[in-house]
Amino acid sequence: MINLIMNGLEVKAEEGWTILETAKFYGLEIPTLCYKDGLSPYGGCRLCLVEIGEGPKAKLVSSCTYPVEEGLIVRTDTKRVIETRKMMIELMLSIAPNSKVIQDLASKFGVTQVRFKVRNEECILCGLCVRMCAEQMDGRAIGFQNRGFKRKISTPFDIRSEECRLCGGCIYICPACQLRCQGPEADTAVCNACLTMEPTCLDHYDDLQCWMYDAGRCGTCVREKKDGKEQVSNTK
Amino acid sequence: MEIQESKIKSFVTKYNSEKKALISILQDIQEEYNYLPQDALRIVSETTGIPLIDIVGVATFYRAFSLEPRGRHLVTVCLGTACHVRGGLKILEEFEKKLNIKAGETTEDGKFSLQTVACLGCCAIGPVVVIDDKYHAQTTIRKVVPILKKYMTKRERK
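These protein sequence lines map, in sequence, to chains A and B.
For the first sequence, this note's numbering assigns the number 1 to the initial residue and increments by one for each residue that follows.
For the second sequence, this note's numbering assigns the number 1 to the initial residue and increments by one for each residue that follows.
Rather than coming from a laboratory, the hints here were simulated on the basis of the structure.
A portion of the hints provided could be inaccurate.
[Unchecked claim] Ranges of calculated distance between the beta carbons of each label pair, as one might list FRET restraints: (1) B:K19 with A:R151: 17 to 25 angstroms; (2) A:T188 with B:V58: 35 to 43 angstroms; (3) B:V117 with A:N7: 24 to 32 angstroms.
The C-beta atom is built at its ideal place from N, Cα and C for all residues, glycine as well.
Generate the whole structure from the sequences, applying the supplied hints.
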């Protein structure tokens, strides 16, 4: 067993665990996007950043790829981590504003503006589909191509790959392929409906009357929150 | 150009069909055909056992490899900082006008390909134009046509 300190707690981890796995074991929440059980960690989305070490030597590492060490000091929610995480969400939001997963992350972590040029590229290069294809579906039909700002995920020569069996695993796992819910202001870059809206049915019933699993978050039966405290101004 | 399967296979066996020799194999193919033909990459994939997508990933990552047929002469105009302030962009425009192609394209007769590069490391002799490993120093717009004529046959010069 490896002893380390996480958020001030002494924890024990098994040899070969990553920081993320240890945190999950102890119930500490670290947000992730490009990490999925059953796929190899990639460290691409940088949402799972944690701070290791202390004082001026403290540095940010992606917890999904960092193996635990004896005596490691990990802090999962420092000011630096939260700021960096918000920045990563903002950057991803500017690339793929139509993704429900990223919009939900923005609402969850209070990202209310996008200061970057919105690019609508519908791919954040998280590599989930590439790993899904290669590791779970044994396909190897898609992969990264080019580099820099031309980097993209595609099949060889951009034609249908002979390896592809049309299993749909890549679309199933893609965070950008899940379209955002059509909230009251669906055309603005940041939705934030989860922050500013509440369902109306609770005025008349004790239980939510929503058939959608998302409990009134789709934005069809909601109104702005009465108490103006959590009002968030959307940027057009 | 016809792709000879035996030739591609000889490139692969030269490196004992090892996976780590992929870049060397691709370099040999590039030298032979001046670009990487799709069929050649498929043969490399079959003989080495490397998935085709990984080969394409490597081939598209490096600027030295091209998946499109390149012209016989490769014109590289430097647009690094030093060459840029000395008018590299205008020289590129002149090449584009004279060859009637945009950067990254190949002329219809397959004679010239035009590309840009960020810096070649020889800023003192800028603006630099490289044609087939030959460096043309201190290029100006007026030198563009004489340089190009060196690479044309007698009939084309008219």
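**Study point:** Cβ separation of V117 (chain B) and N7 (chain A), checked against the hinted range 24 to 32 angstroms
**Key:** Since V117 (chain B) and N7 (chain A) have Cβ atoms about 49 angstroms apart, the given range 24 to 32 angstroms is violated.
Practice item. With 35 to 43 angstroms as the target window, see if T188 (chain A) and V58 (chain B) comply at their CB atoms. Key: 41 angstroms, holds
Check your understanding: Taking 17 to 25 angstroms as the hint, is the beta-carbon distance of K19 (chain B) and R151 (chain A) inside that range?
Key -> Given a distance of about 23 angstroms, which is inside 17 to 25 angstroms, the answer is holds.
Violation of the numbered hints given earlier is confined to hint 3; every other hint is satisfied by the structure.
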